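So the sequences go chain by chain: A and B. Heads up, the first sequence is in the working numbering, so the first residue is 1 and it goes up one at a time. Heads up, the second sequence is in the working numbering, so the first residue is 1 and it goes up one at a time.
Hints are computed from structural coordinates only; laboratory data are not their basis. Keep in mind the model is a prediction, meaning the values are calculated, not measured. In this text, a Cβ means the ideal position worked out from N, Cα and C, and glycines have one as well. Hints are supplied without guarantee of correctness; some may be wrong.
[To be verified] Result set (DSS-like, lysine-lysine): computed pairs, CA atoms no more than 27 Å apart in a straight line: (1) B:Lys264 / B:Lys405; (2) B:Lys469 / B:Lys484; (3) A:Lys11 / A:Lys61; (4) B:Lys264 / B:Lys438; (5) B:Lys163 / A:Lys11; (6) B:Lys264 / A:Lys339; (7) B:Lys502 / B:Lys472; (8) B:Lys438 / A:Lys339; (9) B:Lys405 / A:Lys339; (10) B:Lys264 / B:Lys163; (11) B:Lys405 / A:Lys340; (12) A:Lys340 / B:Lys163; (13) A:Lys288 / B:Lys475; (14) B:Lys438 / B:Lys405; (15) B:Lys469 / B:Lys502; (16) B:Lys502 / B:Lys484; (17) B:Lys264 / A:Lys340; (18) B:Lys47 / B:Lys33; (19) A:Lys339 / B:Lys401; (20) B:Lys475 / B:Lys502; (21) B:Lys163 / A:Lys339; (22) B:Lys484 / B:Lys472; (23) A:Lys288 / A:Lys340; (24) B:Lys364 / A:Lys11; (25) B:Lys364 / B:Lys401; (26) A:Lys340 / B:Lys438.
[As the list claims (entries may be wrong)] Pair ranges (Cβ atoms, derived): (27) A:Met68 / B:Glu18: 35 to 43 Å; (28) B:Ala534 / A:Leu24: 13 to 21 Å; (29) B:Gln448 / A:Lys339: 23 to 31 Å; (30) A:Ser309 / B:Gln448: 55 to 63 Å.
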Amino acid sequence: MSALFSPFISKPDTVSAIMLRVLLALLPGIALYVWHFGPAILVSIALASLTALGTEALMLKLRNRPVMHFVSDNSALLTGWLLALSIPPLAPWWLVVVGTAFAIAIAKHLYGGLGNNPFNPAMIGYAVLIISFPAQMTHWLTPHGLGPVEVGFLEQLKYMFVGALPPNVTLDAVTMATPLDTLKTRLHLDESVGQIFEMPIYGRLAGQGSEMVSLGFLLGGLYLLAARIITWHIPVAFLGTLFAAAGIFHLADPAHYAAPLFHWFSGAAMLGAFFILTDPVTGPTTNKGKLIFAAGAGLLTYLIRAFGSFPDGIAFATLLMNICVPLIVLYTQPPVFGKKAKASGKEKGQP
Amino acid sequence: MRTLYQFNGGIHPPENKEPSTQSGIARAPLPSKLVIPFRQHAGAAAKPIVRAGDRVLKGQLIGMPDGFISSAVHASTSGTIAAIGAQPIAHPSGLPDLCATLIPDGREEWIAHAAPSTSLRTEFDYRNSDPAELRQQLRMSGVVGLGGAVFPGDIKLRPGNRKIDTLILNGAECEPYITCDDMLMRERAAEIVQGAEMLRFMLDAGEVLIGIEDNKPQAIAAMRQAVTESGLPFEVVVVPTIYPGGSAKQLIRVLTGLEVPSGKLPTDIGVQCFNVATAYSAYRALAHGEPVLSRIITITGNVRRAQNFEVLLGTPVRDLAALGEALPDTDRYLMGGPMMGLPLASTDIPLVKASNCIIAASDKLFPPAPPALPCIRCMRCAEACPADLQPMDLFWFSQSKEFDKAQQFSLFDCIECGACSYVCPSHIPLVQYFQFAKSEIRAREQDQQAADHARERHEFREYRFEREKQEKAEKLAAREQAAKQAQPAVPSMNPADAMQQKIQAAIARAREQAAASKPKNTENLTAQQQAEIAEIEARRAHIHELAKSAGEHKKE
Numbered sequence: 001m002s003a004l005f006s007p008f009i010s011k012p013d014t015v016s017a018i019m020l021r022v023l024l025a026l027l028p029g030i031a032l033y034v035w036h037f038g039p040a041i042l043v044s045i046a047l048a049s050l051t052a053l054g055t056e057a058l059m060l061k062l063r064n065r066p067v068m069h070f071v072s073d074n075s076a077l078l079t080g081w082l083l084a085l086s087i088p089p090l091a092p093w094w095l096v097v098v099g100t101a102f103a104i105a106i107a108k109h110l111y112g113g114l115g116n117n118p119f120n121p122a123m124i125g126y127a128v129l130i131i132s133f134p135a136q137m138t139h140w141l142t143p144h145g146l147g148p149v150e151v152g153f154l155e156q157l158k159y160m161f162v163g164a165l166p167p168n169v170t171l172d173a174v175t176m177a178t179p180l181d182t183l184k185t186r187l188h189l190d191e192s193v194g195q196i197f198e199m200p201i202y203g204r205l206a207g208q209g210s211e212m213v214s215l216g217f218l219l220g221g222l223y224l225l226a227a228r229i230i231t232w233h234i235p236v237a238f239l240g241t242l243f244a245a246a247g248i249f250h251l252a253d254p255a256h257y258a259a260p261l262f263h264w265f266s267g268a269a270m271l272g273a274f275f276i277l278t279d280p281v282t283g284p285t286t287n288k289g290k291l292i293f294a295a296g297a298g299l300l301t302y303l304i305r306a307f308g309s310f311p312d313g314i315a316f317a318t319l320l321m322n323i324c325v326p327l328i329v330l331y332t333q334p335p336v337f338g339k340k341a342k343a344s345g346k347e348k349g350q351p
Numbered sequence: 001m002r003t004l005y006q007f008n009g010g011i012h013p014p015e016n017k018e019p020s021t022q023s024g025i026a027r028a029p030l031p032s033k034l035v036i037p038f039r040q041h042a043g044a045a046a047k048p049i050v051r052a053g054d055r056v057l058k059g060q061l062i063g064m065p066d067g068f069i070s071s072a073v074h075a076s077t078s079g080t081i082a083a084i085g086a087q088p089i090a091h092p093s094g095l096p097d098l099c100a101t102l103i104p105d106g107r108e109e110w111i112a113h114a115a116p117s118t119s120l121r122t123e124f125d126y127r128n129s130d131p132a133e134l135r136q137q138l139r140m141s142g143v144v145g146l147g148g149a150v151f152p153g154d155i156k157l158r159p160g161n162r163k164i165d166t167l168i169l170n171g172a173e174c175e176p177y178i179t180c181d182d183m184l185m186r187e188r189a190a191e192i193v194q195g196a197e198m199l200r201f202m203l204d205a206g207e208v209l210i211g212i213e214d215n216k217p218q219a220i221a222a223m224r225q226a227v228t229e230s231g232l233p234f235e236v237v238v239v240p241t242i243y244p245g246g247s248a249k250q251l252i253r254v255l256t257g258l259e260v261p262s263g264k265l266p267t268d269i270g271v272q273c274f275n276v277a278t279a280y281s282a283y284r285a286l287a288h289g290e291p292v293l294s295r296i297i298t299i300t301g302n303v304r305r306a307q308n309f310e311v312l313l314g315t316p317v318r319d320l321a322a323l324g325e326a327l328p329d330t331d332r333y334l335m336g337g338p339m340m341g342l343p344l345a346s347t348d349i350p351l352v353k354a355s356n357c358i359i360a361a362s363d364k365l366f367p368p369a370p371p372a373l374p375c376i377r378c379m380r381c382a383e384a385c386p387a388d389l390q391p392m393d394l395f396w397f398s399q400s401k402e403f404d405k406a407q408q409f410s411l412f413d414c415i416e417c418g419a420c421s422y423v424c425p426s427h428i429p430l431v432q433y434f435q436f437a438k439s440e441i442r443a444r445e446q447d448q449q450a451a452d453h454a455r456e457r458h459e460f461r462e463y464r465f466e467r468e469k470q471e472k473a474e475k476l477a478a479r480e481q482a483a484k485q486a487q488p489a490v491p492s493m494n495p496a497d498a499m500q501q502k503i504q505a506a507i508a509r510a511r512e513q514a515a516a517s518k519p520k521n522t523e524n525l526t527a528q529q530q531a532e533i534a535e536i537e538a539r540r541a542h543i544h545e546l547a548k549s550a551g552e553h554k555k556e
C-alpha cells in the first residue's frame with residue numbers, strides 16, 4: 001500500500017541494518033578472542049544466537065506478534081552475542097542457553113518486547129547467571145601459552161556439552177581466574193599491585209590476551225562512532241569517569257589500587273562502553289542524560305570492582321543506571337527552539 | 001561576509017531539483033475549465049459576489065475578502081461562471097469547499113488595470129502613497145504568502161508594536177523536487193527586488209536580506225545582479241542547503257541568529273519574512289494593478305517533461321499533469337514536495353495559490369515504507385528535529401494518548417516538517433502521530449469552550465430569572481406603596497405583611513447563599529486540570545485579543 005501521508009521519502013535505514021552493523025562491530029573483538037583463547041567462544045555465540053532467535057520466535061508467537069517481522073530485526077541476536085561474550089567460554093552449554101532465554105523471554109518480552117524493556121536484557125541474563133551459578137561463571141579459559149596444558153577444541157566442546165575433560169587434566173589446569181578476579185583475591189592476601197602484576201597472566205596493560213580482546217572491542221566501538229550509530233557521550237563519559245575514579249585511588253595508593261588503564265582494558269569495560277551502555281532502548285535519550293548515565297555507570301563499575309564482592313561491575317552498574325533513566329531524562333530535557341534562554345535572541349535587535 | 005548561524009537538526013534528502021530546471025518557465029495553455037476556490041488563503045473564505053451565468057473578465061473580483069484575516073479571489077481569465085458550489089479541493093480532510101466554476105471564453109479579456117509596462121522604468125510612485133492604502137490594494141489583489149502558508153500579505157505588513165529591523169526574502173526553497181522559486185528568481189529577479197522594496201517600504205523595515213540555498217547558483221547570480229542594478233541596499237545571502245532551512249523560523253535563525261520565541265511571531269523580534277514569489281506578486285499588484293491570477297508551479301517526478309509552468313489559478317491538476325506528460329505507471333499525485341506534500345484524491349482538484357509543485361508519483365519513485373517497528377529510542381529523530389523537540393517522547397505520549405504530557409513536551413512547537421519520520425529506522429510515521437495528537441487536543445479544547453459557553457449561558461439564564469422575579473417584586477412593592485399612600489388610614493404596616501416581608505428577605509438571602517456556595521464545575525479540580533484550564537483561558541484571552549484587534553481594524 002502506498003503511503004497516504006507525508007513524508008513520502010525516507011532514509012534507507014532500518015533497525016535490522018543498525019543491529020547488523022553493531023554485530024559487525026563486535027567481530028574484531030571476537031576474532032582476537034578466538035586468536036588468544038581458542039574457538040570455544042564461537043560455540044557459545046552460536047548457542048546464544050540459536051537460543052535468542054528461538055526464544056524470540058516463541059515469545060512473539062505467544063504474544064500474537066508477526067514472528068518474521070520482528071525476528072529479522074537482529075536485536076535478539078545482538079542480545080545473545082553480548083551475553084555470550086560476557087560469560088566464560090568454557091561454561092557448560094546450558095548456562096548460556098538459560099541466560100539467553102531468560103534475557104529474551106523475561107527481560108525483553110515480558111516487558112513488551114523490542115523498545116519497551118527498561119533493563120538491558122543481556123545484563124539481566126548475566127546478573128541471573130552470576131547470582132544463580134557463581135561457580136560455573138568462573139570457568140574462564142587460560143590464554144594460549146599460559147596454562148600448564150592446552151586442550152584442543154574438540155575437548156573443549158566435550159567439556160561444554162557433557163562436562164568431561166581428558167584424563168589427567170583438571171579443570172584448574174585449563175581455566176583461571178580473570179585478571180580482575182586475581183587482583184581482587186591477591187590484594188586480600190596483602191600482596192601489592194606491583195607484585196600481582198608480575199604474574200604471567202598480566203600483559204602490558206591488563207590481562208594477557210584479554211587486553212587485546214578489549215582493544216578489539218575498542219576498535220569496533222570506534223567504527224560505531226564513525227558510522228554514527230552511537231554518539232561519543234556514553235563511551236567518553238563512562239571511560240572518563242572510570243579513568244578518573246581509578247586514577248584518584250591509584251595516585252593515592254598505587255600499591256592497593258590498579259592503574260586506570262588496567263581498568264579500561266580489563267573485564268567488560270570496553271564492551272560496556274561501546275556496546276552495552278549504548279543500548280538505545282535502555283539508555284537515556286538526551287545527550288546530557290547520556291553523560292550522567294554513563295558517568296554514573298563508570299563510577300559504580302569502579303566502586304564494585306574496587307570495593308564490591310564481584311570482580312567486575314559492568315552488569316550491575318548498567319542495571320542500576322537503567323533504573324535511573326526515566327528520572328535522568330526528565331531532568332535533562334534540552335531547550336526547545338524558541339524556548340531557549342533569551343541569550344541568543346532579544347539582545348541583538350535594536351541597532 | 002555575513003556571519004551565518006545554525007539551527008540544530010535538519011536533514012539532507014536527495015534534492016531531485018535538476019529535472020525541472022532544464023528549461024525555463026513556460027506558460028500553461030488556457031484550460032477548458034477553471035475551478036476557483038473562494039478560500040485560497042489562510043483565514044476566512046472570500047464571499048462570492050458573482051452568480052452562475054455571470055460573464056466575468058480576467059482579473060475581475062469574484063470573491064470579496066470577508067473578515068480580518070481573508071483575501072480577495074479573482075477570475076483567472078475571462079469567461080462565464082458556470083456554477084458556484086462545493087468542489088473537491090486540496091485539503092487533508094478531503095472535504096469539498098466553495099468554488100466558482102469558470103468556463104473560459106478564450107479571449108483573455110482583462111478588466112481595466114494599469115497597463116503592464118514592458119520596462120521597469122515607468123515606476124509606480126508607491127513611496128508617496130499611504131502604506132495603509134497599499135495594504136488595502138494588496139488585500140484586494142489577493143496577495144498572500146506564496147511560500148505555502150498563504151497568509152494574507154496585508155496583515156503581515158501591518159505595523160506592529162515593534163519596529164521591523166530586518167525584512168527577509170525567503171528564496172531558500174529547501175524541499176526536494178520543488179523549483180518554482182528557483183526559476184522565478186532566475187527569470188524575474190528584477191520584479192522580485194522591486195516587490196521586496198515595496199514590502200520594505202510598507203513595513204518601514206531596516207535591512208533586507210534575501211536568503212537563497214547554495215544549491216541554486218543561477219538564482220543567486222540573477223538576484224545579485226538584480227539587486228546591483230536596482231541600486232537598493234539589499235543583500236543576497238547564500239545559506240547552506242539543509243531541510244527545512246526554508247522554514248521561516250529556521251531561516252530567520254540562520255540569517256540573524258535570532259530565535260522566534262515559541263508562540264510568538266517573527267515581528268515580535270523585529271523580523272518579517274516573505275517568500276520571493278510573494279514579493280513578485282506584490283510588485284505585479286502594486287505596479288501594474290494585476291491581482292494574483294496565476295503562479296509558477298513545478299510539475300515533476302514520474303513525468304517525461306519536468307518543468308515549471310505559469311499556471312492560471314483554478315487549473316485542474318490533470319491539465320498540468322498532461323503538460324508534464326506523466327508516465328503511465330503514475331498512480332497518484334502529490335501537491336507540494338515529498339516531505340510535506342499532500343496526496344491528491346483526484347486530478348480534478350484545482351491548483352491554487354498554495355500549490356508550488358505537483359509530483360507525479362508511483363511506487364517506484366516513492367517506495368512504500370516497510371511496516372513500522374517499535375521505537376528503539378535511537379534519537380535519530382531528536383538529532384534531525386529542527387525545533388529541538390524529542391520526537392520519540394512525543395510519539396510515546398501521542399500513541400498512549402497522554403495529550404497533556406505531549407503538550408507539556410512542546411508538541412505545538414512541532415512544525416511537521418517530517419525530518420523525524422524521514423530518519424526513523426523503525427519507519428514510524430511520527431508526523432502523523434503528532435498531527436493526530438494536535439487535532440485531538442484542539443478538539444478537546446473546542447469541547448471545553450463549548451461547555452464553558454453553555455455553562456455561562458445557563459448561569460445567565462438563572463440570573464435573568466432571578467432578576468425578573470426581583471423586578472416584579474419591586475414593582476409590586478411600589479404599587480402597594482402607592483396604594484398605601486392613596487389611603488393613609490392604616491398608620492402602620494400590618495403585622496402579617498411585615499412578617500411576609502421578613503420571610504421574603506430571608507428567602508432571598510438563602511438563595512444568595514446557595515448561589516454562592518453552589519459547587520461549580522471549576523471547583524475541586526486536580527492541579528493538572530486547573531493547569532489545563534489556565535492554559536485554555538490564556539489561549540481564549542489571546543483569541544479575544546485577536547478578535548478585538550480585528551474589530552479595531554474594521555473601524556479603521
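To see whether the hints hold, each was checked on the structure:
1. B:Lys264 / B:Lys405: 22 Å, holds
2. B:Lys469 / B:Lys484: 22 Å, holds
3. A:Lys11 / A:Lys61: Violated - the C-alpha atoms of Lys61 (chain A) and Lys11 (chain A) are around 30 Å apart, more than 27 Å.
4. B:Lys264 / B:Lys438: Holds, at roughly 18 Å.
5. B:Lys163 / A:Lys11: 43 Å, violated
6. B:Lys264 / A:Lys339: Distance ~10 Å between Lys264 (chain B) and Lys339 (chain A) Cα, so the pair holds.
7. B:Lys502 / B:Lys472: Given that 27 Å is the threshold and the Cα spacing comes to 17 Å, the pair holds.
8. B:Lys438 / A:Lys339: Roughly 19 Å between the alpha carbons, so the hint for Lys438 (chain B) and Lys339 (chain A) holds.
9. B:Lys405 / A:Lys339: 17 Å, holds
10. B:Lys264 / B:Lys163: Judged against 27 Å, a Cα distance of about 15 Å means the pair holds.
11. B:Lys405 / A:Lys340: It holds: about 19 Å lies between the C-alpha atoms, which stays within 27 Å.
12. A:Lys340 / B:Lys163: 23 Å, holds
13. A:Lys288 / B:Lys475: 74 Å, violated
14. B:Lys438 / B:Lys405: With Cα atoms ~12 Å apart, Lys438 (chain B) and Lys405 (chain B) stay inside 27 Å; holds.
15. B:Lys469 / B:Lys502: 17 Å, holds
16. B:Lys502 / B:Lys484: Holds, at about 19 Å.
17. B:Lys264 / A:Lys340: 13 Å, holds
18. B:Lys47 / B:Lys33: Distance of about 21 Å is within 27 Å: holds.
19. A:Lys339 / B:Lys401: 24 Å, holds
20. B:Lys475 / B:Lys502: 18 Å, holds
21. B:Lys163 / A:Lys339: Judged against 27 Å, a Cα distance of about 22 Å means the pair holds.
22. B:Lys484 / B:Lys472: 18 Å, holds
23. A:Lys288 / A:Lys340: 16 Å, holds
24. B:Lys364 / A:Lys11: Satisfied, since the Cα-Cα distance of roughly 15 Å is no more than 27 Å.
25. B:Lys364 / B:Lys401: 35 Å, violated
26. A:Lys340 / B:Lys438: Judged against 27 Å, a Cα distance of about 23 Å means the pair holds.
27. A:Met68 / B:Glu18: 35 to 43 Å: Holds, since Met68 (chain A) and Glu18 (chain B) (Cβ atoms, about 39 Å apart) stay within the stated range.
28. B:Ala534 / A:Leu24: 13 to 21 Å: At 53 Å between Cβs, range violated.
29. B:Gln448 / A:Lys339: 23 to 31 Å: 25 Å, holds
30. A:Ser309 / B:Gln448: 55 to 63 Å: At 58 Å between Cβs, range holds.
Consistency with the previously given hints fails for numbers 3, 5, 13, 25, 28, ordered from lowest to highest.
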